[in-house]
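Colleague: Chains as they are written, first to last, in my numbering: chain A, 1 to 318; chain B, 1001 to 1502.
Since the hints were made in silico from the structure, they are not lab data.
Small disclaimer: the values here were computed from a predicted structure and weren't measured.
Virtual Cβ for every residue (Gly too), placed ideally from N, Cα, C.
Among the hints, a few may not be true.
Just the calculated beta-carbon pair ranges, DEER-fashion [stated by the list, open to error]:
no.: 1; chain 1: A; residue 1: VAL306; chain 2: B; residue 2: ALA1072; range: 53 to 59 Å
no.: 2; chain 1: B; residue 1: LYS1020; chain 2: A; residue 2: VAL306; range: 34 to 40 Å
no.: 3; chain 1: B; residue 1: ASP1427; chain 2: A; residue 2: GLY302; range: 34 to 40 Å
no.: 4; chain 1: A; residue 1: LEU281; chain 2: B; residue 2: GLU1377; range: 43 to 49 Å
no.: 5; chain 1: B; residue 1: LYS1107; chain 2: A; residue 2: ASN202; range: 34 to 40 Å
no.: 6; chain 1: A; residue 1: GLY290; chain 2: B; residue 2: LYS1020; range: 20 to 26 Å
no.: 7; chain 1: A; residue 1: GLY302; chain 2: B; residue 2: ARG1128; range: 57 to 63 Å
no.: 8; chain 1: A; residue 1: GLY123; chain 2: B; residue 2: ARG1381; range: 50 to 56 Å
no.: 9; chain 1: B; residue 1: SER1111; chain 2: A; residue 2: ILE119; range: 36 to 42 Å
no.: 10; chain 1: B; residue 1: GLU1444; chain 2: A; residue 2: LEU17; range: 50 to 56 Å
no.: 11; chain 1: A; residue 1: LEU17; chain 2: B; residue 2: ALA1072; range: 33 to 39 Å
no.: 12; chain 1: A; residue 1: ASN202; chain 2: B; residue 2: GLY1460; range: 34 to 40 Å
no.: 13; chain 1: A; residue 1: ILE119; chain 2: B; residue 2: LYS1316; range: 21 to 27 Å
no.: 14; chain 1: A; residue 1: VAL298; chain 2: B; residue 2: PRO1304; range: 43 to 49 Å
Part of the chain B face toward chain A, derived, beta carbon under 10 Å [said to hold, decoys possible]:
no.: 15; residue: PHE1206
no.: 16; residue: ILE1208
no.: 17; residue: PRO1304
no.: 18; residue: GLY1307
no.: 19; residue: ASP1324
no.: 20; residue: ILE1326
no.: 21; residue: ARG1327
no.: 22; residue: GLY1329
no.: 23; residue: LEU1332
no.: 24; residue: GLY1339
no.: 25; residue: LEU1342
no.: 26; residue: LYS1346
no.: 27; residue: ASN1351
no.: 28; residue: LYS1358
no.: 29; residue: LEU1365
no.: 30; residue: LYS1369
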Amino acid sequence: MNALVFYKKYGIFLILLLVVAFFAVFASNFLSIDNLLNVLRQVSMFGIVVVGVTFVMIGGGADLSVGGQMAVSGMVAGILMAKAGMPILPTMLICMALTTLFGALNGLISVKLNIFSMIVTLGTMLILQGLAFVITGGYPIFGLPKDFTFLGQGYVGIVPVPVILFVIVSAIAWFVLSKTYFGRYVYAMGGNPEAARLAGVNVERMRVALFAICSFVTSIASLIMLSRTNSAQPSAGASYPFDCMTAAVLGGISFAGGEGTIGGAVVGVLIIGVLNNGLLLMGVDSNWQGVIKGIVLVTAVGIDSVQRKAKRVKAAEA
Amino acid sequence: MSTNLALSVRGLSKSFPGVKALDTVSIDFLEGEVHALIGENGAGKSTLIKCIAGAQAPDEGSIVVGGTAYKALDPQLAARLGIAVIYQEFTLVPSLSVAENVFLCRKTSPSFIVDAKARQAKAAEIFRQLKVDLDPARPVRELSPAYQQIVEIAKAVSREVKVLIMDEPTAPLTTSEVEMLFGVVRDLQAKGVTIIYISHRLEELFEIADRATVMRDGAYVATKLISETSRGELIELMAGRKLGETYPERRSTLGNEALRVEDLSGNGVEHISFSLRRGEILGFAGLVGAGRTELMQVIYGAAPSSGGAVYLNGEKVRVRRPSDAIRLGIGLIPEDRKGLGLFLGKSIAWNTVINAIKSISRGWLVDRKREGEIAQEYRERFSIKTPSLEQMTGNLSGGNQQKVVIAKTLAANSRVIIFDEPTRGIDVGAKHEIYRLMNQLAEEGHAIIIVSSEMPELLGMCDRIIVIAEGRKTGELMKAEFDQTAILDLASRGRHSTLASA
């Protein structure tokens, strides 16, 4: 296996290893169990959303409205539990159902009006983010039931609950994408939507389904965030849309669709998590985090792009 | 028509991988003549035009303009020499006005600032000369194709065109618009412009052309004075090749009716009826753009039908989308195998089973073992040359790619298989393998449709041939009646033709 093929398959793990090694050396306490679990917990919510976004991206679309969905879902749950006194479980189910329906709406608009999903979700993102502020006039909601904190702050043994949920969601997603016919349809419609249609894939229905899936997992993440911060914040998830896509692209998911794996996306999430955590431990000014993340992203994508071009040139010369 | 040379091509040759598009072609084009360029699909007309227009460089030979011989032209040089082309797809900007399009990217006044008034006046002057009534301020997107074409002509005239090439100019026009176009053409002719006119509508040529050059399989055949020839003679010249290739033998035993199409319309075709039996190979002949692929798309559910019915094994069926077709056992091997038939980034095995993926899944889970078995089965049966079934289809040769597409269709249990241009771009050896495969499939009881622009292929492989022209069926021939000239004749029958269709 030559160097380029190796990089294509394992490159992302190498980068993760490099980053971990770097911080193991330069950041005090980085490699302690406590800290590593901390990193995992911090990326869990983010990671769950990335899994959802990955489904959409591999299918050839984009969902910028995940942040807005998190905010509104959190606000609705906050109102139901804190103000209306609804029990935890029904509240969670209602929020998840509502958010999933919203995702289906994203998909329907994109399909029926034939607008590129990035544009549609840009619009719905703005609507939702605005709505989240309108709901309480910009104030967070407090007074959530005590039992609810288990979701975001609880442990099973030494493992934080969010991490367990992240692992479960990722495992299911991995299974669906790589082992089921549904997963193949996703790759097909992302890689070549017209060929997929001719191969019998109902591309329109699949698109709606993918957005619904993304929203479903986003609602799970939003409930976790609600529980962790013990409040419903109207600005929840504001940075998520772009951070999620960054993690996905870092993990090898192509914007064009049809490529990438859940494994890669998870590694992308971990890299971002490690970077955030390591830089913090090193005492680096938080403003530098963005700069460094950007550099890592451009480098990783750049190497991938160069390697892709080399493969194309080789194929053309053949 | 004078006897001065406007432009000549001498010994022009051009090859592409696998095909010799032009073979030492020499033609003289005279000043002020309307010179028709005719021939079947693949005769070399487009390639010749592209060389003259500077869009392609020939491998050998020269283009002689104004006494100078050029080994190759580029678009700017061709424009300077007074050569202009009007392709079938217009190169106008819909949102800009007529005048802006006529003078696209050219200065109409000496200063930096655009003088819109001067530009409009200049455009108006050109239309006056062409004796056409057109407001230069109108946006081009409001114009009908006929007037858009006039704008294209005006564009050429504004560049003081000497040789104007028109590719199928009357295709989008109504009868009265054709007359308007002819008026403009005659006008240009009177001013000494040479018109090279590509068209399949032979009747029109007898109205407007002075001479016609026939090309066949990339070579020059003959040039005739229109006044001294006939439609029949031209068709014979276009088609009259010697059939050298042999096609594999087949014992055809025809079974029950597999497919019947009644009065089917949609996607640009109208009122098509035909039937197909098990074990039969039915060919569809016609010129490029006649509507054969469009018809197959309707049958396959890839395009909506606007009327008519489809029967499978005698029962009426509704095919609304490709998944219906696949479920009913209809398979399509698309014309664009790389773009529509395969997922180039995925492996041979992945591609082979994708049409049938649900049927090899237990619940949601894909049975990878079954996938491997099926892929291996077809790899052996079709002799797909590859080191591994995990090889990406994008890396395969054209012939092997086609085999994977065929395997993909068969793996989904297709009983009626439509092949659209099955051997295009495939080397001779692989071609014959595919012919043998098609015969085998027919002998096994599949019903086969072949859409092809290669006449010899149709004549050699099919039991029956249906001819489509401009979205309608113009004829049907049994094997005993097969005749190149007759087929080409039927394929050239335009809607505005005064000849009765079959």
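Colleague: Could you check if PHE1206/B really has its C-beta closer than 10 Å to a C-beta on chain A?
Modeller: violated, 42 Å
Colleague: Tell me if the interface restraint on ILE1208/B is satisfied: Cβ within less than 10 Å of some Cβ in chain A.
Modeller: violated, 39 Å
Colleague: Given LYS1346/B as an interface hint, is the shortest Cβ-Cβ distance to chain A below 10 Å?
Modeller: holds, 7 Å
Colleague: Given GLY1329/B as an interface hint, is the shortest Cβ-Cβ distance to chain A below 10 Å?
Modeller: violated, 12 Å
Colleague: Determine whether the Cβ-Cβ distance between GLY290/A and LYS1020/B falls within the hinted range of 20 to 26 Å.
Modeller: At 59 Å between Cβs, range violated.
Colleague: Report holds or violated for the interface hint on LYS1369/B, using the least CB-CB distance to chain A and a cut-off of 10 Å.
Modeller: violated, 13 Å
Colleague: With respect to the beta-carbon atoms only, verify the hint that VAL306/A and ALA1072/B lie 53 to 59 Å apart.
Modeller: violated, 34 Å
Colleague: Using Cβ atoms only, decide whether GLY1339/B comes closer than 10 Å to chain A, and label the hint accordingly.
Modeller: holds, 7 Å
Colleague: Between LEU281/A and GLU1377/B, does the beta-carbon spacing fit 43 to 49 Å?
Modeller: Violated - the Cβ-Cβ distance for LEU281/A and GLU1377/B, about 57 Å, lies outside 43 to 49 Å.
Colleague: Does ASN1351/B pass the interface check with chain A, least Cβ-Cβ distance below 10 Å?
Modeller: holds, 9 Å
Colleague: May I ask you to test the hint 50 to 56 Å on the CB atoms belonging to GLY123/A and ARG1381/B?
Modeller: 51 Å Cβ-Cβ, so the 50 to 56 Å window holds.
Colleague: Can you verify the interface hint for LEU1365/B: is its Cβ closer than 10 Å to any Cβ in chain A?
Modeller: holds, 6 Å
When each numbered hint is compared with the structure, violations occur for hints 1, 4, 5, 6, 11, 13, 15, 16, 17, 18, 22 and 30.
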